[in-house]
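Going by UniProt numbering, the sequence shown opens with residue 1, and the numbers climb by one from there.
These are computed hints drawn from the structure, not numbers from a lab. Hints may contain errors.
[To be verified] In silico DSS-like links for lysine-lysine, alpha-carbon gap of 25 Å or less:
| no. | residue 1 | residue 2 |
| --- | --- | --- |
| 1 | LYS98 | LYS118 |
| 2 | LYS117 | LYS98 |
| 3 | LYS98 | LYS109 |
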Amino acid sequence: MYVFILTTVVVGFACAGVVMLLFRLWGRKAPKYVIPFVAAIGMFAYMIWDEYSWFDRYSSRLPGQISIVQTFADENPFAPWTLISAPVNRFTAIDSEKIVVNPDNPDQKRVTTLLLKKGAETLALTHLVECGANRRGYITAQTELDANGFPTGIDEWFAMNDDDPLRSVCN
């Protein structure tokens with residue numbers, strides 16, 4: 001977050017500096033309102049560019065074994081342009097190297113999902129997916145595990161709909 005703020009301020013100063021240089025090269029004095037106006041426009045343009053390009057920049061840096069299974073685009077009334085076209089600012093990914101099939105029950109798979117959001121820490125959640133029963137549950141620190149590292153019981157199960165991103169591990 002601090003890097004974003006610092007970068008935005010630097011862009012504002014850079015835009016103001018370019019305008020001051022251009023006016024100096026023309027041999028004229030810049031009106032008082034032009035330099036702050038150009039700095040504000042530059043910072044505003046940078047903020048919009050950063051917001052709309054974040055997902056593409058971040059997803060292109062992910063390793064090959066991580067696949068994006070769900071994206072979220074949020075509208076913000078304080079940024080009215082997002083009401084027209086909302087940028088993707090968070091997504092869910094699955095690390096295919098961390099999918100483990102239960103040797104005792106091949107229908108059960110232990111899956112690690114990554115929840116990534118712009119400006120926030122990455123969260124890693126572990127799920128138990130039962131492909132045959134079309135359900136999934138969370139594996140927490142309190143979940144008791146068997147010798148294979150699979151839960152002996154899940155407190156709460158969730159039904160997987162057709163559009164559930166964890167269904168992709170059942171294929």
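| query | What hint numbers does the structure not satisfy? | reply | none
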